[in-house]
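Visitor: Protein chains in written order, with this note's numbering: chain Z, 1 to 434; chain F, 1 to 434; chain Y, 1 to 434; chain U, 1 to 434.
Think of the hints as simulated: they come from the structure by calculation, not from any bench.
What you were told as hints is all true, and nothing was included just to trick you.
Heads up, simulated DSSO-like pairs for lysine-lysine below, C-alpha to C-alpha not over 27 angstroms straight-line:
| # | chain 1 | residue 1 | chain 2 | residue 2 |
| --- | --- | --- | --- | --- |
| 1 | Y | Lys319 | F | Lys237 |
| 2 | Y | Lys237 | U | Lys296 |
| 3 | F | Lys407 | F | Lys296 |
| 4 | U | Lys296 | Y | Lys296 |
| 5 | U | Lys386 | U | Lys58 |
| 6 | F | Lys296 | Y | Lys319 |
| 7 | F | Lys237 | Z | Lys407 |
| 8 | F | Lys85 | F | Lys58 |
| 9 | Z | Lys384 | Z | Lys105 |
| 10 | Z | Lys352 | Z | Lys386 |
| 11 | F | Lys296 | Z | Lys296 |
| 12 | U | Lys12 | U | Lys167 |
| 13 | Z | Lys5 | Z | Lys167 |
| 14 | U | Lys319 | Z | Lys296 |
| 15 | U | Lys58 | U | Lys296 |
| 16 | U | Lys237 | Y | Lys407 |
| 17 | Z | Lys213 | Z | Lys407 |
| 18 | Z | Lys296 | F | Lys319 |
| 19 | Y | Lys57 | Y | Lys384 |
| 20 | Z | Lys386 | Z | Lys105 |
| 21 | U | Lys296 | Z | Lys319 |
| 22 | F | Lys296 | Z | Lys319 |
| 23 | Y | Lys319 | F | Lys319 |
| 24 | U | Lys407 | Y | Lys237 |
| 25 | Y | Lys105 | Y | Lys5 |
| 26 | Y | Lys296 | U | Lys319 |
| 27 | Z | Lys105 | Z | Lys5 |
| 28 | U | Lys5 | U | Lys213 |
| 29 | Y | Lys296 | F | Lys319 |
| 30 | F | Lys237 | F | Lys296 |
| 31 | F | Lys407 | Z | Lys237 |
Protein chains: 4
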Amino acid sequence: MEIEKAVEAMRKPLQLWRRDFHQYAEAGFMEMRTASIVASTLEALGYTVFAGEEVMKKEARMGVPDQSVLEAHERWALENGADAKWLSKVTDGMTGVVGMLDTGKSGPVVAFRVDMDALEIQEAMTDDHIPFTEGFSSVVANRMHACGHDGHTAIGLGLASLLMQNKDALNGVFKLIFQPAEEGTRGAKSMTEAGIVDDVDYFIATHLGTGVKAREFVAGNAGFLATTKMDVMFTGKAAHAGAEPNEGKNALMAASSAVLGLYGIPRHADGASRINVGVLEAGTGRNVIPSGALLKIETRGETSAINQYVREQAVAVLKGAAAMYQTEVDIRVVGEALSSEPSRELVDIVAKAAAQSPYLDHVVNYDDQSAGSEDATYFMERVKEKGGLATYVIVGTTLAAGHHNEKFDYEEDVLPTGVDVLFRTAVALVRESK
Amino acid sequence: MEIEKAVEAMRKPLQLWRRDFHQYAEAGFMEMRTASIVASTLEALGYTVFAGEEVMKKEARMGVPDQSVLEAHERWALENGADAKWLSKVTDGMTGVVGMLDTGKSGPVVAFRVDMDALEIQEAMTDDHIPFTEGFSSVVANRMHACGHDGHTAIGLGLASLLMQNKDALNGVFKLIFQPAEEGTRGAKSMTEAGIVDDVDYFIATHLGTGVKAREFVAGNAGFLATTKMDVMFTGKAAHAGAEPNEGKNALMAASSAVLGLYGIPRHADGASRINVGVLEAGTGRNVIPSGALLKIETRGETSAINQYVREQAVAVLKGAAAMYQTEVDIRVVGEALSSEPSRELVDIVAKAAAQSPYLDHVVNYDDQSAGSEDATYFMERVKEKGGLATYVIVGTTLAAGHHNEKFDYEEDVLPTGVDVLFRTAVALVRESK
Amino acid sequence: MEIEKAVEAMRKPLQLWRRDFHQYAEAGFMEMRTASIVASTLEALGYTVFAGEEVMKKEARMGVPDQSVLEAHERWALENGADAKWLSKVTDGMTGVVGMLDTGKSGPVVAFRVDMDALEIQEAMTDDHIPFTEGFSSVVANRMHACGHDGHTAIGLGLASLLMQNKDALNGVFKLIFQPAEEGTRGAKSMTEAGIVDDVDYFIATHLGTGVKAREFVAGNAGFLATTKMDVMFTGKAAHAGAEPNEGKNALMAASSAVLGLYGIPRHADGASRINVGVLEAGTGRNVIPSGALLKIETRGETSAINQYVREQAVAVLKGAAAMYQTEVDIRVVGEALSSEPSRELVDIVAKAAAQSPYLDHVVNYDDQSAGSEDATYFMERVKEKGGLATYVIVGTTLAAGHHNEKFDYEEDVLPTGVDVLFRTAVALVRESK
Amino acid sequence: MEIEKAVEAMRKPLQLWRRDFHQYAEAGFMEMRTASIVASTLEALGYTVFAGEEVMKKEARMGVPDQSVLEAHERWALENGADAKWLSKVTDGMTGVVGMLDTGKSGPVVAFRVDMDALEIQEAMTDDHIPFTEGFSSVVANRMHACGHDGHTAIGLGLASLLMQNKDALNGVFKLIFQPAEEGTRGAKSMTEAGIVDDVDYFIATHLGTGVKAREFVAGNAGFLATTKMDVMFTGKAAHAGAEPNEGKNALMAASSAVLGLYGIPRHADGASRINVGVLEAGTGRNVIPSGALLKIETRGETSAINQYVREQAVAVLKGAAAMYQTEVDIRVVGEALSSEPSRELVDIVAKAAAQSPYLDHVVNYDDQSAGSEDATYFMERVKEKGGLATYVIVGTTLAAGHHNEKFDYEEDVLPTGVDVLFRTAVALVRESK
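Could you put together the complete structure from these sequences and hints?
Guide: Next up, the structure:
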């Protein structure tokens with residue numbers, strides 16, 4: 001009863017946070033405004049706050065935007081409400097934030113992960129889209145929170161508030177991890193390699209929606225495919241196609257041969273694999289042998305090993321295709337995620353805690369239906385390697401349109417629901433380990 | 001001596017025309033300002049002027065820009081110096097102009113062709129580029145006269161002046177043809193099919209530069225490859241590459257297979273052939289099966305028959321590749337040119353006339369070195385079919401940079417040289433046929 | 001105890017049968033000698049015997065050898081010990097045999113399937129290969145029982161003997177099905193479509209080996225992939241590659257494009273799929289454009305629906321590739337099998353019966369590890385459709401080398417083991433249905 | 001008149017030689033019987049005879065059959081009429097023979113080349129095929145003189161006879177070169193590199209037929225395409241296509257990708273090029289990932305430089321394709337020929353001599369229509385490099401069917417014709433250089 005009351009008191013702040021983040025949508029590694037507000041809010045709540053290089057290993061990031069883009073966005077953030085003090089710590093594509101609450105009493109280290117980045121989508125401006133009609137749709141062209149990370153960030157702050165309010169009743173240490181660049185699976189690795197979960201006993205990543213109904217909850221979501229995202233550039237030599245065709249080195253032929261080779265990578269006996277060339281752009285003019293060809297590809301595997309297999313085959317295909325046509329090839333990994341199984345022991349604890357929540361009607365322990373990818377798996381695998389337990393939970397809600405759709409939206413009830421379940425889980429974990 | 005004097009008197013107007021056209025560069029089928037000024041100038045000189053639908057068969061044009069683009073350009077032309085009266089006749093992608101001078105005396109019909117269109121190139125704005133330093137570089141972004149058609153148009157007007165000045169000394173009929181959209185070989189066919197050269201006895205198309213040195217002249221340029229330009233669109237079905245790869249119809253796989261098939265079209269025993277896929281653009285996102293793929297291709301052949309062979313093979317490849325991956329394919333011809341041999345008899349007459357020019361040191365009768373394409377070949381083949389003679393001449397000049405280069409430029413001496421040689425040719429042809 | 005004694009009495013005849021069949025190995029649809037001996041033996045035992053057109057639908061066979069090959073083999077069979085009377089019923093690629101024992105008492109119809117065909121493999125003639133050292137290796141060049149079907153046939157005859165010996169103690173009807181051409185999954189469909197299992201209540205197909213250890217038994221083997229085997233012939237037009245390359249229609253280019261397209265068939269979201277081009281033979285001479293190309297391909301799917309998906313994609317790829325290069329393509333289905341789940345109820349009965357066998361130490365109820373294909377699935381699916389129960393059992397044994405290896409061999413203990421378990425199963429089924 | 005008489009006296013021996021060689025057709029590097037008879041005949045005529053290692057550089061041969069094949073053929077030759085003494089010098093794939101006649105008087109070194117090898121074709125045994133009806137068709141299965149080399153060898157011996165008969169009237173040195181393995185352009189290089197034409201002033205290679213009519217003669221045949229023949233083997237790793245597709249390394253995918261890449265080698269601006277994959281054989285069984293793939297390919301070029309370009313592109317394609325699929329590739333050059341222009345000065349001498357022949361109605365000086373290849377070009381280029389003159393002549397005849405056809409045959413009149421023209425040429429050359 002008391003928890004419910006405290007959660008209800010957060011309902012309004014949760015909505016305000018969510019709507020603010022939604023309105024100022026920022027893409028991966030550019031969540032400068034968001035991160036600075038998160039850090040400042042955590043600090044105000046009494047958390048010890050770490051950010052930027054303290055919580056990310058710079059060279060482990062993938063798919064970071066160009067420096068000029070980052071710098072322009074920093075100026076934008078400053079002009080659009082960023083917290084100036086914290087902004088300086090989260091520039092330069094180093095936008096991760098961690099808030100730590102040490103109760104001073106012995107107990108487990110419990111970590112919660114939320115993510116903060118938006119997508120490169122132009123938000124719908126139509127009368128059937130609530131963020132538009134209620135005036136909080138994205139003010140940034142071609143940027144939109146179309147996957148719910150605005151809500152995740154709000155839930156993280158709401159949970160932080162509740163934990164701090166109940167500090168005396170808790171023990172151990174709580175870490176609230178605000179991750180950048182989950183889209184494209186680009187950011188988690190850098191936080192993992194900075195060591196921020198190396199001491200964690202219980203790790204819980206959270207997502208809303210994904211097809212789970214309102215008032216339902218999944219305590220252990222599995223089925224994430226390991227994945228690698230690569231940008232591939234073939235470089236040959238241009239030549240006039242009529243006058244000197246033999247002088248060219250045809251990057252498009254290399255790319256086309258690579259495309260067929262990539263899709264032809266053999267199936268793996270041990271489980272599902274995927275390969276896709278989502279984008280190919282080549283050539284400049286009709287009468288010129290194409291000297292450049294860019295491919296955006298991704299590999300996936302039911303396990304990290306299968307993904308690794310596909311990735312290695314892909315690299316061989318790409319290098320061989322380049323050699324066939326005497327071109328050069330540059331292969332850049334711009335995103336990566338692992339597969340990871342939730343720890344059944346932790347799943348049971350979370351499920352039991354969730355069952356107490358007045359915001360839920362139905363709790364699913366374990367679900368492996370997903371066919372997407374998530375880089376929270378980096379945290380999960382690291383925690384399990386170090387002897388801790390990890391899971392990935394999903395808070396259900398009714399969606400106006402699917403994830404990554406220009407009309408994506410969810411019911412804001414999901415925000416107190418998330419805070420409630422995660423707070424109950426924190427309490428349960430503390431008790432469990434006594 | 002008198003000719004030289006008259007030509008020298010044109011030197012300044014030639015420069016003014018050329019620089020004006022250069023500054024207001026217009027792409028193919030959008031030469032509205034240029035054509036309206038040409039028409040108005042010819043009219044002022046005393047020519048009977050035909051334009052638009054009078055000289056072009058609408059449905060025989062290829063690669064015409066979208067209607068909205070044409071309309072926007074019409075507004076631009078009006079605001080930028082077009083002749084309002086004539087503009088109305090050359091809108092809507094119907095920008096061809098023909099000026100006719102009938103001496104009233106029996107004699108041959110002699111036609112000269114020049115072309116008027118610019119390229120989609122951003123002109124250099126550097127201190128080593130004379131059009132920039134002398135203030136007449138293109139005012140239009142991404143449009144540039146980088147192939148000398150500004151000079152061709154000026155030569156056409158200069159020749160028109162001289163012919164009219166000497167009307168009494170001449171006999172027969174003169175036609176000055178100002179063709180749109182030579183780039184991409186898109187415009188000549190429509191003028192040919194309108195019948196404008198059906199009564200022509202002697203036809204001479206002119207180009208400047210192309211590697212011929214200053215003070216040199218080629219009286220019969222052969223070696224143009226027949227060509228077909230095609231835009232090809234494969235349309236499949238998008239699907240999430242991780243969740244439902246079997247639901248997609250992969251347009252990129254079709255396109256890649258087509259690319260390899262196209263380059264694999266067998267050589268022809270009868271002579272040189274060419275095939276190129278200059279541009280390929282496919283896909284929207286890394287994790288989506290590409291549902292669309294656009295190819296810009298061209299075929300060529302040493303003869304029209306060989307080009308036709310390559311074109312037919314290409315269509316089979318494209319349709320088959322579409323079928324392989326259960327996609328649709330749309331093939332659009334956006335340009336075409338023939339091969340054509342100059343008439344040796346006419347070449348000799350032109351060469352003899354050119355040998356009299358004080359602007360030349362060296363005359364080449366016949367050259368078949370070219371490996372490019374030209375749609376003046378449509379006029380040439382039609383004239384020869386109807387019993388006339390045709391040739392293609394080149395007036396040499398020193399180039400600052402190659403054709404289609406952002407720093408392309410030539411010496412303006414080539415303008416009076418061109419007028420001089422063509423006028424001497426006109427005189428010779430009239431005498432010849434007496 | 002009594003069963004064991006009766007089984008032990010069969011040990012010698014089982015060995016003699018097996019070794020005889022092994023020595024006179026016959027490929028699919030050519031098991032004329034084997035089938036005639038089987039039929040004659042069953043008849044001698046007192047069975048009502050059906051063969052050839054009585055038990056096979058001619059046009060439902062797949063991958064039948066040429067008539068001339070069948071005829072030559074018939075002569076060979078006659079000269080090598082075939083039963084002349086029965087031979088005449090099993091010529092012409094109609095080599096199936098069914099022995100029926102009707103107890104005259106009401107009861108279930110129980111069917112057992114064994115297969116009879118050998119492989120096109122040259123048997124090893126080395127001192128570590130028992131069939132060679134003990135003098136019963138194949139006398140036919142390039143034909144070898146390298147998958148144990150010689151043993152299956154022997155087990156079938158041994159079981160027939162035991163059932164007949166115990167006729168009075170049994171009730172219902174027993175059908176012993178001797179199937180041709182299981183290799184390449186070519187024969188079962190024709191027997192199924194002849195209706196021979198339409199009245200069957202319990203159906204049990206048997207295999208030995210396949211990795212199951214000696215003294216182990218699998219009562220319900222699942223995991224067979226549905227499959228389609230196709231022979232594909234591309235026909236183009238030959239031409240001298242130097243003198244007239246443009247005159248050819250290149251069947252090898254079509255085939256090569258098809259190969260890449262086939263391997264590129266998208267994975268299916270619902271489960272495992274497979275595609276293979278096992279053989280490609282094209283062309284006649286180095287300087288001739290290849291006018292013919294033969295591909296031997298197979299598709300597979302975790303379910304029949306997935307296999308159907310792959311097959312449909314494959315057909316599209318093949319037809320499209322043919323069209324790309326203006327060749328013809330002929331696609332012939334030469335083998336096919338379904339996926340099929342064993343009936344759990346029957347699996348339990350069989351497992352319980354097997355647990356009584358003194359020849360076994362360990363019984364596995366259900367195993368879905370297989371990644372091969374079996375056309376016994378046609379019988380299984382038909383029986384289940386008609387309301388019966390079906391399973392596929394495996395009798396373990398130690399193998400000298402893997403299936404389809406030139407040194408494949410097994411311990412002959414597996415023969416009485418198989419007879420024992422199948423006989424106990426028959427007894428159990430009769431009791432079950434009382 | 002005297003020449004004609006002497007030539008007519010050779011008519012019968014020419015026929016006998018030709019028919020004997022035809023009957024005992026031997027493939028390239030296996031002309032052991034033929035070469036031994038040639039050597040023994042030359043010796044009997046009084047020539048100094050060199051053979052085997054004296055006239056061939058062993059390691060410069062290409063496409064030599066396996067040792068076991070050579071040895072088996074040696075036994076066959078001995079049993080089928082080879083000259084035992086000379087056979088021992090022309091075993092082991094070293095079947096070249098040179099007969100030298102030194103007049104002892106100063107004068108030019110004049111060389112004539114003929115070739116001796118048959119093709120791997122099964123000769124027709126039908127009533128419309130004269131070699132069959134007249135009883136001299138090939139006694140060897142799958143070996144046939146279907147390109148006229150039997151006649152060339154006979155002409156060589158006939159010419160040898162005439163030269164020797166007229167030794168006193170001649171001066172200088174005559175070399176009669178009997179070359180092995182012209183088919184596949186495999187043998188000439190090894191004789192050239194042995195230096196046998198390094199001192200030659202005039203070199204004349206001879207062919208009959210090739211479309212030239214009876215009683216016609218070409219004194220300077222040009223237009224041979226330079227060529228390289230390669231056998232290419234891709235080696236991967238076999239694996240069961242159903243159970244472990246990821247374990248294979250697919251040689252057929254590599255080969256298929258290579259095929260498309262090879263045909264896609266860009267045209268050359270400087271002249272005609274060719275590429276062909278005449279044969280592809282891959283794989284063992286339908287359900288096995290193919291671990292091996294053999295390609296027989298050839299490149300050609302209007303010039304040796306263009307052929308070299310195509311060859312280099314091909315090697316890059318092959319190596320790249322192997323790398324794409326993680327397979328190994330072995331590329332073996334099994335034949336090669338150059339392009340070569342006949343020396344115009346020599347052509348004129350030959351044409352003038354031929355014009356005197358009573359066996360001819362028409363002499364063509366220069367013809368460049370051919371699109372085939374010939375390794376006599378090695379001799380020609382070497383002779384010209386060393387300062388001599390070289391040409392390639394064709395003696396016309398009516399063909400029953402085209403070259404390399406199973407019914408190929410020619411009129412035996414061509415034999416005395418060839419001897420007559422070549423002898424007149426020898427006389428003319430001796431006079432010329434006086």
